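Position chain P relative to chain D; hints supplied.
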Amino acid sequence: MAGYLLRRIIQALLILLGVTAITFILLYLLPADPARQIAGRSATAATVQSIRQQLGLDLPLWQQYLRYLGNLVQGDMGRSYIQRTEVASLVWSRLPATLLLMAGAIVCELVIGLGAGIIAAVRRGRPTDTAIMVASFLGVSAPQFVVGILLLYVFAVQLGWFPIGGYGTFAHLVLPSLTLGILGGGWYSRMTRSSMVDVLRQDYIRTARAKGATGGRIVLVHALRNAVLPLIAMIGLDVGIFMSGAVVVESVFGWPGIGQLTWQAIQQVDIPVIMGVTLTAALFIVLGNLLADLIAPLADPRIKLR
Amino acid sequence: MRTLMIAGALASALVCGTALTSPAPAFAAEIKNGGAMTVTYKDDVATLDPAIGYDWQNWSMIKALFDGLMDYEPGTTNLRPNLAESYEMSPDGMTYTFKLRPGVKFHNGRALTAEDIKYSIERAVNPATQSPGAGFFGSIKGFEEAAANNGALSGITVVDPATVKIELSRPDATFLHVMAINFSFAVPKEEVEKSGADFGKKPVGTGAFKLREWTLGQRVVFERNSDYYEKGLPHLDEITFEIGQEPTVALLRLERGEVDVLGDGIPPARFLEVKGNPKNKGLIVEGGQLHTGYVSMNVTMKPFDDVRVRQAVNMAINKDRVVRIINGRAIPANQPLPPTMPGYAKDHKGYAFDQTKAKALLAEAGFPNGFETEILANNTDPNPRIVQAIQQDLAAVGIRAAVKTLAQANVIAAGGEQQGAPMIWSGGMAWIADFPDPSNFYGPILGCGGAVPGGWNWSWYCDKDLDAKAAAADAMVDPAKKEERTAAWRDIYLKIMEAAPWAPVFNEQRFTMHSARLGGPDAIFVDPVHIPVNYEQVYATDVQ
Numbered sequence: 001m002a003g004y005l006l007r008r009i010i011q012a013l014l015i016l017l018g019v020t021a022i023t024f025i026l027l028y029l030l031p032a033d034p035a036r037q038i039a040g041r042s043a044t045a046a047t048v049q050s051i052r053q054q055l056g057l058d059l060p061l062w063q064q065y066l067r068y069l070g071n072l073v074q075g076d077m078g079r080s081y082i083q084r085t086e087v088a089s090l091v092w093s094r095l096p097a098t099l100l101l102m103a104g105a106i107v108c109e110l111v112i113g114l115g116a117g118i119i120a121a122v123r124r125g126r127p128t129d130t131a132i133m134v135a136s137f138l139g140v141s142a143p144q145f146v147v148g149i150l151l152l153y154v155f156a157v158q159l160g161w162f163p164i165g166g167y168g169t170f171a172h173l174v175l176p177s178l179t180l181g182i183l184g185g186g187w188y189s190r191m192t193r194s195s196m197v198d199v200l201r202q203d204y205i206r207t208a209r210a211k212g213a214t215g216g217r218i219v220l221v222h223a224l225r226n227a228v229l230p231l232i233a234m235i236g237l238d239v240g241i242f243m244s245g246a247v248v249v250e251s252v253f254g255w256p257g258i259g260q261l262t263w264q265a266i267q268q269v270d271i272p273v274i275m276g277v278t279l280t281a282a283l284f285i286v287l288g289n290l291l292a293d294l295i296a297p298l299a300d301p302r303i304k305l306r
Numbered sequence: 307m308r309t310l311m312i313a314g315a316l317a318s319a320l321v322c323g324t325a326l327t328s329p330a331p332a333f334a335a336e337i338k339n340g341g342a343m344t345v346t347y348k349d350d351v352a353t354l355d356p357a358i359g360y361d362w363q364n365w366s367m368i369k370a371l372f373d374g375l376m377d378y379e380p381g382t383t384n385l386r387p388n389l390a391e392s393y394e395m396s397p398d399g400m401t402y403t404f405k406l407r408p409g410v411k412f413h414n415g416r417a418l419t420a421e422d423i424k425y426s427i428e429r430a431v432n433p434a435t436q437s438p439g440a441g442f443f444g445s446i447k448g449f450e451e452a453a454a455n456n457g458a459l460s461g462i463t464v465v466d467p468a469t470v471k472i473e474l475s476r477p478d479a480t481f482l483h484v485m486a487i488n489f490s491f492a493v494p495k496e497e498v499e500k501s502g503a504d505f506g507k508k509p510v511g512t513g514a515f516k517l518r519e520w521t522l523g524q525r526v527v528f529e530r531n532s533d534y535y536e537k538g539l540p541h542l543d544e545i546t547f548e549i550g551q552e553p554t555v556a557l558l559r560l561e562r563g564e565v566d567v568l569g570d571g572i573p574p575a576r577f578l579e580v581k582g583n584p585k586n587k588g589l590i591v592e593g594g595q596l597h598t599g600y601v602s603m604n605v606t607m608k609p610f611d612d613v614r615v616r617q618a619v620n621m622a623i624n625k626d627r628v629v630r631i632i633n634g635r636a637i638p639a640n641q642p643l644p645p646t647m648p649g650y651a652k653d654h655k656g657y658a659f660d661q662t663k664a665k666a667l668l669a670e671a672g673f674p675n676g677f678e679t680e681i682l683a684n685n686t687d688p689n690p691r692i693v694q695a696i697q698q699d700l701a702a703v704g705i706r707a708a709v710k711t712l713a714q715a716n717v718i719a720a721g722g723e724q725q726g727a728p729m730i731w732s733g734g735m736a737w738i739a740d741f742p743d744p745s746n747f748y749g750p751i752l753g754c755g756g757a758v759p760g761g762w763n764w765s766w767y768c769d770k771d772l773d774a775k776a777a778a779a780d781a782m783v784d785p786a787k788k789e790e791r792t793a794a795w796r797d798i799y800l801k802i803m804e805a806a807p808w809a810p811v812f813n814e815q816r817f818t819m820h821s822a823r824l825g826g827p828d829a830i831f832v833d834p835v836h837i838p839v840n841y842e843q844v845y846a847t848d849v850q
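Taken in order, these protein sequences are the chains called D and P.
Just so you know, the working numbering puts 186 at position 186 of the first sequence, and the rest follows in order with no gaps.
Throughout, the working numbering is defined as the position within the second sequence, counted from one, plus 306.
Bound-form chain D, shown alone (with noise of 0.2 Å):
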C-alpha cells in the first residue's frame, strides 16, 4: 500500500510537470506580449523594456521555465499581470465556491442519478424505464446554460423560491448545484442502471432471492454495491471537473468558483493566472483520481491496491 502510495505521488508530480511545461511554452508562444499589455498605450519603448526586464521576459524559454518552477517549490505561481495580485491568493479565494458547488453537485448527481438508475433497472422494459432514459438522455444533452437559465427563470425570477445568483446561503447553492446534477445525474443514471442490469442477472441475486431476502433489500444491499463500483471512478473524475472550475454554470449564477477566474484570465491573456489554474485543475484531476482508487478496495474487497 505504501509503495502504491509513493508511486502513484512520483507519477502525480511528473504529470504536473508535464503540465507545466506544456502550459508555459504554449503561453510562451502567444502573439501577445505581457510587458506591453503591462505598459498600456501611452508607454515609450524604454518603458515596456525595463517591464520586460523585471518581469524577465527578455530571458531564453528555458531560463524562464525554470525560473518558473523554482518559485512555484516555493510555493509562489507568480503575480497576476492584470491585478497585480498574487495568483495563489486569486486560486486560494476560489477554492471554497468551488469546492461547495463541487460537494452540491456530486450530491445532486448522485441523487438523480442512483435514483432514477436504480427504478429503471428494476423496472427494465416498462414505461418508467423508457421515460427515465428518454429523461437521462435529456438531461446528458440539454447545455447547461439553457438547463441553468430555465431553473434560474422558473424558481428564482417567476417562483421567488431561490436567490438569483450570487453566493453566500444554502439557498444560492440550489440552483447551480442541481444544473450541474441533472446533467451527470443523466451520465450516473444511464450507468447505474446497466450496471444494475448485470448485477440482477448474477446468480447470487437469485439466490437471495431464493433465500427470501425483501426485494428491497436484494437490490440496495446485495446489488447496489457491486453496481456501484464504476460510479466510484466517475466521481473521481467528477472531483476533477468540477474543481477546474464549470466555467458555464458559474457565469449563469454569479458563482465565485475557478471557472470564473479561468474564464476571465483567458479573455485578458492573464498568463501567470491561467499557468495558475491550469497547475490547480491538473492537481484537482490527479487527486480525484488517486482518491477513487483509494476508495474502490474499501467498496470492493477483492480489489487490491500494488
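Be aware that one or more of the hints could be misleading.
[Claimed, not checked] Under the rule of at most 25 Å between Cα atoms (straight-line distance), these lysine to any residue pairs were calculated in the SDA-like manner:
#1 P:Lys338 / P:Glu536
#2 P:Lys537 / P:Ala468
#3 P:Lys508 / D:Ser89
#4 P:Lys710 / D:Leu26
#5 P:Lys581 / D:Ser89
#6 P:Lys710 / D:Leu29
#7 P:Lys775 / P:Tyr650
[Unchecked claim] Here are some chain P residues pointing at chain D (derived, C-beta under 7 Å):
#8 Thr353
#9 Pro553
#10 Val555
#11 Ala695
#12 Gly760
Rather than coming from a laboratory, the hints here were simulated on the basis of the structure.
It should be emphasised that the depicted structure is a prediction, and the values quoted were computed from it without experimental measurement.
All C-beta atoms in this analysis are idealised placements derived from N, C-alpha and C, irrespective of residue type, glycine included.
Using the frame of chain D, we list chain P on its own:
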C-alpha cells in the same frame, strides 16, 4: 500676464447648482445623504491603485477613492481645481504653481501635503511601479531621466507644505488634464510602502469613499469618508460592487430591485426590449461617449499605401447598417473625434456611403477586380458580428477581406508590428479618451510617435508636417487662445481624413440603466469621465 483661478467653497457651491442641467434637486443642500447602492460587474476589479488601474471598470472607482490636483465639474468636461485650491500658470506656460486646499486628509487620518503630490507623480513615473500612465507626464521637466531611473522628477518642487511647483520642458496645453488623470492622484507614501505591490487591493486615498471590504472574486464595498473635504458629499453611505454577475442575470436582479446599476450595461440581447418597456421610462439615461470605433488601414502595406484605396474603403462601409446591428447603440462617425469632444467638425460630410464611387476609386488605383486582404478584430460580442458586416460591405466593392477574430491582447500585438495587420476593426479595444481634449486622439494612435513597434498607431500613418502642427497646437497654453487651439486641432483631423488612414465607423452611445431608488441629474449617469455613474454625486431616493 498671469492666469489665476480660485476655487474653494464658492466655486464648489456654484458647481453643484449651475453646472448640472436637470430638473432633479440640483442643490447639494436639498439632497439628504444616506442610503446605499449595489453595482454589478462580470469581471473582477483588477486593482484600485491609481497609478495602475486603467480600465473602464476601475477608472471611476478609483476616482471615488482618490483625488488629484484637478478634476472636472460633475457631468461635464470642464476642468476645475480639486486638491488644489488654486493654481497659477507662468506667462510662457512652462511653470504651474498649485496651492493645496487646506484640511484634506487621507483615509488613514494624515493630512495631505505638497510632498504627497510630488511623491505620487514620481511613483507613477518610476519604472518599478510599472504604471501604464507614466507616459502622460512626459512634458514635466526631467521626465526622460526619471523614467529611466527611479522616477525622481527635477521639474517638481515642494515650495512649502501647501504649495507645489511643476516645471515643464515644453509648453503643454493638456497639462491640467494630466493633473486630473487618475495616474496623478495623491497616495500616502507610508501606506504604499506598507502594502507594497498589494496597495491596489488596500487603497488609501483622500476620496469621498474609502474601502471597507474586498472579498476577492465576490464583492468590493466602499463606505462614506466622513472626513471628506467637500461638505455634503458623497450622498451615499455605502456602495457595494458585486463581482461575477452575468449582465443578463444582473438585469433580472435590477428588475426585481436587488441591484441599482448595471456596471456592464444593458445586455445587448435584451436592449431593445428593455429600452422599449414603458416601465423603464426615466431609468435609462443616454449620453455620448468619448469613443470612436474605426477600421485602421496599414499605410505601409500594399495596397493600402494608395490613398484612393483607403478612401474607397471609407465609402464602401455602410455605417448605418453597422449601427443597426448593434441595436442603434451608436451614431455613425465620419472623423476621428467623437461629437462630444472639443474640435469635432460638425459640418464635415466625410466620405458618404457610395459603392459605385468606391469601385471607381479602386479601378483608378489599379484594382478594377478588387484584391484580397485580411481584417483583424476582437473576438468578444458584438465585434465579430460588426466585422462580418464590414466584410460584406467590402466584398460588395471587390475587396475580399478574410476575418480573423482574436483575443484583445493578440490583436493589439499584431497592430503593433509594422507588417502585422493590413486592417483592424478597433471595437472592444477602441480608443476611449483618457481626458476630454482633442490631442488625446492624435499622439499615440495617429501620430508618428505611435507608429513604432509595439505602438498603438495601427495604421502606421506618420505625417511629420501634421506632427509639427499638433505640437504647435499643444503649445498654445494661453487660455485666451483656447478657441484657436481647438480650431487648429479640427484642421489636423480634417487633414487626416483626406489621407484616410482610418475609416471611422461609429461613436458609441452610453445607456446607463439604474433603479428607481437612485436619483441625480441625468448628466451624472452619463458623466463623460465617470463610467457607469459619478459615484460621489448619485443619491438614494429612499432616504429623501
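Outcome of the hint check:
1. P:Lys338 / P:Glu536: 15 Å, holds
2. P:Lys537 / P:Ala468: 20 Å, holds
3. P:Lys508 / D:Ser89: 14 Å, holds
4. P:Lys710 / D:Leu26: At roughly 20 Å apart (the allowed maximum being 25 Å), D:Leu26 and P:Lys710 satisfy the hint.
5. P:Lys581 / D:Ser89: 41 Å, violated
6. P:Lys710 / D:Leu29: 18 Å, holds
7. P:Lys775 / P:Tyr650: 17 Å, holds
8. Thr353: Hint on P:Thr353: holds, closest Cβ of chain D at ~5 Å, below 7 Å.
9. Pro553: 10 Å, violated
10. Val555: 5 Å, holds
11. Ala695: 23 Å, violated
12. Gly760: 5 Å, holds
This entry does not satisfy hints 5, 9, 11, going by the numbered hints stated previously.
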